[in-house]
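Trainee: Single-letter residue listing:
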Amino acid sequence: MFELLKARLAHGYQAIPDPLRARIHPSFPGVPVFLRAHEADFSAAAALCPTQAIEGFSLDFGKCVFCGACQRNFPETFAFSPEFRMASDSRNGLVVQWDPAKQASSRPSVCPSSVLQQGFSRSFALRNVSAAGCNACELELGAASNVNFDMGRYGLEVVASPRHADALILTGPVSANMAFALEETWLAIPEPKVLILCGACAISGGLFAEEGALDRSWLTGQSAALFIPGCPAHPLSIIHGLMSLLGRVD
Amino acid sequence: MICCGLILLWLTLIPALFRRSALFTTMLCLASVCLAFGFGRVLFSSAPQICHLQLATLPLAIQFEVDALAAFFGCLFALGFPLGMLYGHFYLKAHPGEGAGSHLFWLGIMMISMFLVLLLRHILLFLLAWELMSLASFFAILFDRNNRQTRSNALYYFVMMHLGAAVLLCGFALLYLNTGSFSFRNLVFAGLAKWLLIIGFAFKAGFFPFYSWLPKAHPVAPSHLSGLMSGLMIKTGIFGIILVLFRSEWQAIELYILLAVSLITAFNGVIHALTETNLKRCLAYSSIENIGLIGVGLCFWQLGILFANPLMSALGLAGALLHTLFHSTFKPLLFYLSGNILLATHSLEIDSLGGLHKNLNYTSKLFLLGSLSISALPMFSGFISEFSILGAILLGFNSHSLASTLCSVVAGGVFAFVSALVLIAFTKLYSIVFSGEARSEAASKAKEHPLGLLLSPAILALLSLVLGLFGKLGLAFVSPLCITLGISQSQLVGLGGLLRGISLILVLLLLVSVILFLLKSRLVKHSRHSTWACGYFKGSPKLQYTGMAYINPLAYFLKPLLHSPKLHQEVQGYFPRELNYREELFDYLDKGLIASLCRWLGKFYGLFSGIQNGKTNSYITYLLLALLALLFWVLGVPR
Amino acid sequence: MDHDTQQRNPFIFTFPEPLPHAEFISRISELSSSGYSPLGFFGTPEREILCLMGKAQHVPILLRTAFPAGHCYPSLSVTIPAFHIFERELWEEHGITPEGHPWLKPLRYPAGSPTKMESYPFFSSPSQALHEVGVGPVHAGVIEPGHFRFICQGESIQHLEIQLGYQHRGLAKLMANGDLRSKINLSEAIAGDSAIGHGLAYCLATEALCGAEPGSALKTPRRLALELERIAMHLADLSALAGDIAYLSGQNFFAALRTTIINSSLAICGSRFGKRWLCPGGINYGLNKEQNKTLRTTLLTAEKQIELSAKAMFSSSGVLNRFDSTGCISRKTAQELNMTGITAKAAGLPVDVRADFPAFEEGIFQAEILASGDVYARAYLRYKEIRQSLQMIDFWLSTLPDVKAAAVPLAKPRPNLLALSLVEGWRGRIAHIVKTDQKGNTEFYRIIDPSLHNWFALALAVRNEGISDFPLCNKSFDLSYCGHDL
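Chains H, W and D, in that order, give the protein sequences.
Under the working numbering, the residue at position 229 of the first sequence is numbered 229, and the numbers go up by one with no gaps.
Under the working numbering, the residue at position 533 of the second sequence is numbered 533, and the numbers go up by one with no gaps.
Under the working numbering, the residue at position 314 of the third sequence is numbered 314, and the numbers go up by one with no gaps.
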């Protein structure tokens, strides 16, 4: 018993005081920022990008796996700010555009969902479907409930059965072998329900987008309420994205 | 009125002989109405009727005595028989068996003999009626006579009944020796006689250790007969036991023995009901358990007299009689519904049923009502009777008398445990048979039956519900008999008040539930989707509990009492080829004691098989020897 | 030795001559009985079967034969069970039937496979006293998909069959398309929790094929990254194991410690999983003196806390009650079924790539071994490996100079060579096998995750355990679904 007490004392207080306004290490690749609109750099980076996320003067960070190749090779044009507040409520919101007028790139934002604000702002149950992800997003989603990030304090939790859930949070690019299970899970969630896509693979297929082993046909017919990019999505991004959707971030 | 009814009953045999089941049923209903009226009048007027019948040819005067006890059971039978035959008529139409013609005849004889048993108080005539009852039911059970199992079980039943009758005969013989008269109308039973009589009646009722015929006979009998036997015939045993208990003096130690036997009966019945996989056998064991509970009530009636606790007496007797009455409503209900299941799926093994709530909609709802009733849940009749008996037990917590407290502790503990196990047994039965997915082709193809087969069960279920909500109705029916048997009015009034309070709460609860249910169905949006199966492509009927699996954690603790040999093959190697597992839980008494007894008897008689060797020479030798012996005897005896 | 072949991990082979089929099989049996175990056995697009047999401290042996006539041959799994999973894979990918295979069932259901997932032939029993329980693919927690079919007698599991394939993404094809040198991101995504493990295997194989080798200054940060990943994931496993038995103190202690460790990864390369740290030829993010010092201090503090937490957990009788003698695997089983990593080491089988096929020159590595093969052994072994890795990292950090991000330039991969790189991931032995054709393009890229072998251990370990102990056994192995399914 004394060992337990000693360990507990050493453990201390681990919860991050305010995950919504936490400070993350500056080397974290968050929202991409364009420093200048250098055409040669952009086209060279487009060739380097493993998921063809760069097109013209835009970077789709729903496709981006945050490999950092563009930043390392063209540090004067590309940078990744340590901004973990990356979620968006629309697919287009994840496309960073160079705005010539402002000489800066756009930033994503999440417009809170009114439906969810009414009923779920203090208790939001998620059901995760892991559909051919590499397990990193799953670990991060799991970490969002751990003693440090503790999204449970906001009433956000991952529940065991889709019958208890309010939202389906998808991780992974959806292989053909998981397509049926994904749709079954969606049908098993009672109304009202929303779809949340977490991670580059879920949003766009990520690194696997071209391969014939995927089946994203069901997804194309759905309109997701929230897109949380990242490879993997950081727990702080997940929590902030969910809280924005619920209208609890000022 | 009663004689009218009896004559009508005799007349029903005519259409029975001609296999006119509809006419038979109608006449039976008429007869029952007459009898019910007659018995009811006697019961509520508390004036025993005596009716003499002198047959010109015989030197005996047949005397029918209708006292309150006979009237009570008479009413019970008069209500139970028509409902049974109502079901039976449609069942026989749907399931024509080999012996359909004579079956009705024997049913008629059985019903007549059951009434006669209640009315006759002449030793020889009583025994005649008793044996006739056994005989008639034996032939009636042989409805499906081509089945070897049916024949052997029916024979077993017959032999057991005969043994019981033999014990009764001994008991009555002793009585005759003591008193010199054949009539036991106002007799006090004493000494060995009372024990022999109690044992004889216990054979019929199904107390431990004389119950093993019950789980054999009920499953092979046609369902309406199972219901009639379980609901009504074994109550003749109870009738006899009440008679003996009332007419004798009991010492404390004797009552403790009786209490112990009742408790063991109840416990043994329920643990076998838990582990059975045949639906009807499960219900049969449950009947044994209920008989045990009735026995407990009756013991507390006598113990109340012993401990000078009149309220305990009242509650005990009232509870026992109420349970007798209620058991005759919900047990036949369950048996008739099992008949429905058999007709629809041709199987009574619960592990090959399943998903029947979809196909057999009404049957499943009625079965649920029956299960709720037998598990003694409030709003249903079983609750009222078990509440009364438990009340009697709890009254024994008396600081003055150690014996009383001890009785209550032991009885209360076993009673509570048994009640819980009954609930488990019936949740298992209901969920494996009706919930989930069909486990076999036959179960998935089952179709609901037309109204005929549902009418009788529906009436019984309604009765269960009404008697459960309004406990005072049952008490009103039972009170006259209680008073005749020595309970004071005031105690019953006290019980009545309590039951009225309960009724009030239950009716309110029912109203609130109905209102909430209506509100919910109005206000809440429903959508249907298949059971969540973790997203797998399709379910399989194997992906659900079997009866044994459901019970397994509990059965683990009960195994020492249940004698289970099993064939268990462990999975071999990394890549197993096959996996076989069979577990059967046997009745110690049945497969252990009685089977070995039969074996020894067989061996013993086998020693004499040399005598009956089939050779004519030997038989001639025996004749010669016999003649010689006679010669010596005649010559040798001095004049 | 020929410059083209390489005698230590990563191994380079020139393609041997194809053997006649009977000799191929007999060579395999010979090698198997002299202590070799199969590192790989698969079909190639050139319609040949390759087999790599390896033994500790020896150079692996590559055998080659053409597809057998009639597309069937007598199964090797009958005598050498270690081949069971490889032969199923060969059957599914190329239609070559191993006759007499005791468990020939589909493995991954790749695109275009003729069989359907819903008609998987589960082992079943006709007995009515047994019932089946089916769990998955969508599981109750946040975990990858797979289907578990139990045959239970009451609460006791008689048999478990695991059906995987839900995670199949066609990785092998993606790795083989295009320039071999641009596949680092994809290889890190084979199994995101083993990003360094698979990433390193890929880098070693690619560098070997391109004939380049980064200097030792660049090698050490890579080994450091691998050990850091091992520590992080072992802590995650200990946390999950504690959570499964409701020992919430342990769950929280280890989860917090894991956060500390992976945040150190984040501080160096920007990813909590070590993604984007490695690249073929070197590393993308270096380690300067500041970072070195910070890392060392962090790890020292963490070590003390890990010790305290582990002591508290492993001395709790409630924990020991659940862990001890649950889900046992014998050493014989581990050896016969070619198990690797924690699964094998906790059963007494000393297999560790760092000891058996060292990729780096210095020292003899001594793997930690425990003998009981139960959940306790696997949990405690994780703790021992954490401590071992922490000591190694501390040693490296103490002697590491300022390292800048750098990569050796890679020429086009040399033609007609086969590379085998082995890495001891935190689950076990990762094997990447790449072959180049005569133009230097990738002919095929095979990935063998340790989970491919170890999943069967779970199916064997739960026999005769209560079904409520299944999550505990599952977590004690913590196998990769996506590593198996590729």
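Hints were generated in silico from the structure; no laboratory data involved.
Ideal placement from N, C-alpha and C gives every residue a C-beta, glycine not left out.
Warning: the hint list may mix true and false statements.
[To be verified] Chain D stretches covered by chain W per the calculated footprint, using a threshold of three residues with CB under 8 Å from any CB of chain W:
| id | segment |
| --- | --- |
| 1 | 110-123 |
| 2 | 130-138 |
| 3 | 142-156 |
[Unchecked claim] Subject to a maximum C-alpha distance of 20 Å in a straight line, what follows is the list of computed EDC-like cross-link-like pairs (lysine to aspartate or glutamate):
| id | chain 1 | residue 1 | chain 2 | residue 2 |
| --- | --- | --- | --- | --- |
| 4 | D | 116 | H | 3 |
| 5 | D | 384 | H | 3 |
| 6 | W | 525 | H | 191 |
| 7 | H | 193 | H | 183 |
| 8 | D | 304 | H | 3 |
| 9 | H | 6 | D | 161 |
| 10 | D | 384 | D | 303 |
| 11 | W | 365 | W | 437 |
| 12 | W | 542 | D | 155 |
| 13 | W | 525 | H | 166 |
| 14 | D | 173 | H | 210 |
| 15 | D | 311 | H | 3 |
| 16 | D | 439 | D | 179 |
| 17 | D | 311 | D | 402 |
| 18 | D | 105 | W | 578 |
| 19 | W | 538 | H | 183 |
| 20 | W | 538 | D | 307 |
| 21 | W | 538 | D | 161 |
| 22 | W | 542 | D | 118 |
| 23 | D | 55 | D | 290 |
| 24 | D | 289 | D | 402 |
| 25 | D | 404 | D | 290 |
| 26 | W | 520 | H | 210 |
| 27 | H | 6 | D | 307 |
| 28 | D | 116 | H | 166 |
| 29 | D | 173 | H | 215 |
| 30 | W | 358 | W | 254 |
| 31 | W | 358 | W | 249 |
| 32 | W | 542 | D | 161 |
Trainee: List in ascending order the numbers of the hints, as given earlier, that are violated by the structure.
Mentor: 4, 9, 17, 20, 23, 26, 28, 30, 31
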